[in-house]
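Undergrad: Residue-level listing of the chains:
Number of protein chains: 2
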Amino acid sequence: MALISEHIEGDTRERILEVAERLFRLIGYQKTTVGDIAKELRMSPANVYRFFESKKAIHQAVARGLMGEVELEAQRIVAKPGPVKERFRELLTTVHRMNTERYVGDNKLHEMVEIAMQEDWAVCVNHMECIAGVVGQMIAQGVASGEFEAPDLQLAALCACTAMMRFFHPQMIAQCATKPGPTIDQMIDFVIAGLSPRH
Amino acid sequence: MALISEHIEGDTRERILEVAERLFRLIGYQKTTVGDIAKELRMSPANVYRFFESKKAIHQAVARGLMGEVELEAQRIVAKPGPVKERFRELLTTVHRMNTERYVGDNKLHEMVEIAMQEDWAVCVNHMECIAGVVGQMIAQGVASGEFEAPDLQLAALCACTAMMRFFHPQMIAQCATKPGPTIDQMIDFVIAGLSPRH
Chain A
1 MALISEHIEG
11 DTRERILEVA
21 ERLFRLIGYQ
31 KTTVGDIAKE
41 LRMSPANVYR
51 FFESKKAIHQ
61 AVARGLMGEV
71 ELEAQRIVAK
81 PGPVKERFRE
91 LLTTVHRMNT
101 ERYVGDNKLH
111 EMVEIAMQED
121 WAVCVNHMEC
131 IAGVVGQMIA
141 QGVASGEFEA
151 PDLQLAALCA
161 CTAMMRFFHP
171 QMIAQCATKP
181 GPTIDQMIDF
191 VIAGLSPRH
Chain B
1 MALISEHIEG
11 DTRERILEVA
21 ERLFRLIGYQ
31 KTTVGDIAKE
41 LRMSPANVYR
51 FFESKKAIHQ
61 AVARGLMGEV
71 ELEAQRIVAK
81 PGPVKERFRE
91 LLTTVHRMNT
101 ERYVGDNKLH
111 EMVEIAMQED
121 WAVCVNHMEC
131 IAGVVGQMIA
141 QGVASGEFEA
151 PDLQLAALCA
161 CTAMMRFFHP
171 QMIAQCATKP
181 GPTIDQMIDF
191 VIAGLSPRH
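Chain order of the listed sequences is A and B.
For the first sequence, position 8 matches number 8 in this note's numbering, and the numbering has no gaps at all.
For the second sequence, position 75 matches number 75 in this note's numbering, and the numbering has no gaps at all.
Same shape as in the complex, but just chain A (with noise of 0.2 angstroms):
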């Protein structure tokens, strides 16, 4: 019984926060409410009460969920075999187009991200280390099969990630759509060659 009861409590923790995307996606993070996202669920905002605190809180979870997603895909294509360089390419790549999906464009979730980023540091700040360490184990690939050279390992992954800000950050992927720059392959090609070995 109680093995049920956890299942149902995880279920609909679940549900909440997945009808708490779609409609932070459809009419924007500020203007729902948490009667709004009971309504959709035909309970009553007290019961979304017992599973979450506060909006701020199921702000949190469906951010985390958004990020995880990311960090989930960028270790599978760490964890898959073939030439680093191409992989690595992959991985900065999918992390672009992830987060051009879910933070840019028409949907309204970079209401969500600007928030996350005033109020929320700590969920952004472990993302961006998460993925950090994920770049950096592909490094470290790459320095064992030789394409790669970086004394440092964790600096190097750092490097990498700052200079793909512009095509990483949230804010920065749509300030720079339409500015003048360099394309993505073109910008992973740069830090390909500040990897590469110089003999």
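Think of the hints as simulated: they come from the structure by calculation, not from any bench.
It cannot be assumed that every hint is accurate.
Same chains, same names: a pair is fine if it fits in one copy or spans any two.
To be verified - As a list, the in silico DSSO-like pairs of lysine-lysine whose alpha-carbon atoms are at most 30 angstroms apart:
hint : residue 1 : residue 2
1    : K31       : K85
2    : K179      : K55
3    : K55       : K31
4    : K56       : K179
Quick caveat, the model's predicted, so the values are computed rather than measured.
Add chain B to chain A, keeping to what the hints say.
TA: Relative to the frame of chain A, chain B by itself:
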């Protein structure tokens, strides 16, 4: 007589811009009115409007002035003698330092930057292109001296500037100051590595 009156007119223009910049710094762009600027100069608002058709025109001229100082200093570094890598580092560090002094911190000029970025992208894009041009000249000197390798100078300059976004872009300087990341010297090392010849 014509020369004298032109001189006086130019002088008045300069004085309006000086006062406007001081007020923008002190009380912010939004809160400063053309009336405030006129009062400070002991002239009528109508006289200010003889020189600038709107507050926006004053804003543009102040922004151009601030950016022009950075451009001038960058050009000075490119023109002086000495090893390229040292001057390249000095160039990137100077752009970072001057942008930080101008737009970040206690003074309220960051409000002006935000408005320029929303409404007045041409001014910002021109400035970015000018800085990329100077960075390109420096890379060309490095190619000539054998310190750098760059088959496409313009692309190399764009990539170098893009890689430095965390340290060049006023909003990113402000946002990243307390976030994990490389130091500017570490980032410049990474950019130099990307430009260094591979034999």
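Undergrad: Look at each hint and say if it fits the structure.
TA: Quick rundown of the hints versus the structure:
1. For the homomeric pair K31 and K85, neither the shortest alpha-carbon distance inside one copy (44 angstroms) nor that between copies (52 angstroms) is at most 30 angstroms.
2. Within a single copy, K179 and K55 get their C-alpha atoms only as close as 36 angstroms, which misses the 30 angstroms cut-off; across copies the closest is 26 angstroms, which meets it.
3. For the identical chains of this complex, K55 and K31 are intra-copy neighbours only, at 11 angstroms inside a copy versus 33 angstroms across copies, given an alpha-carbon limit of 30 angstroms.
4. Taking the shortest alpha-carbon separations for K56 and K179, only the inter-copy value of 22 angstroms comes in at or below 30 angstroms, while the best intra-copy value is 34 angstroms.
Of the hints listed earlier, the one the structure fails to meet is number 1.
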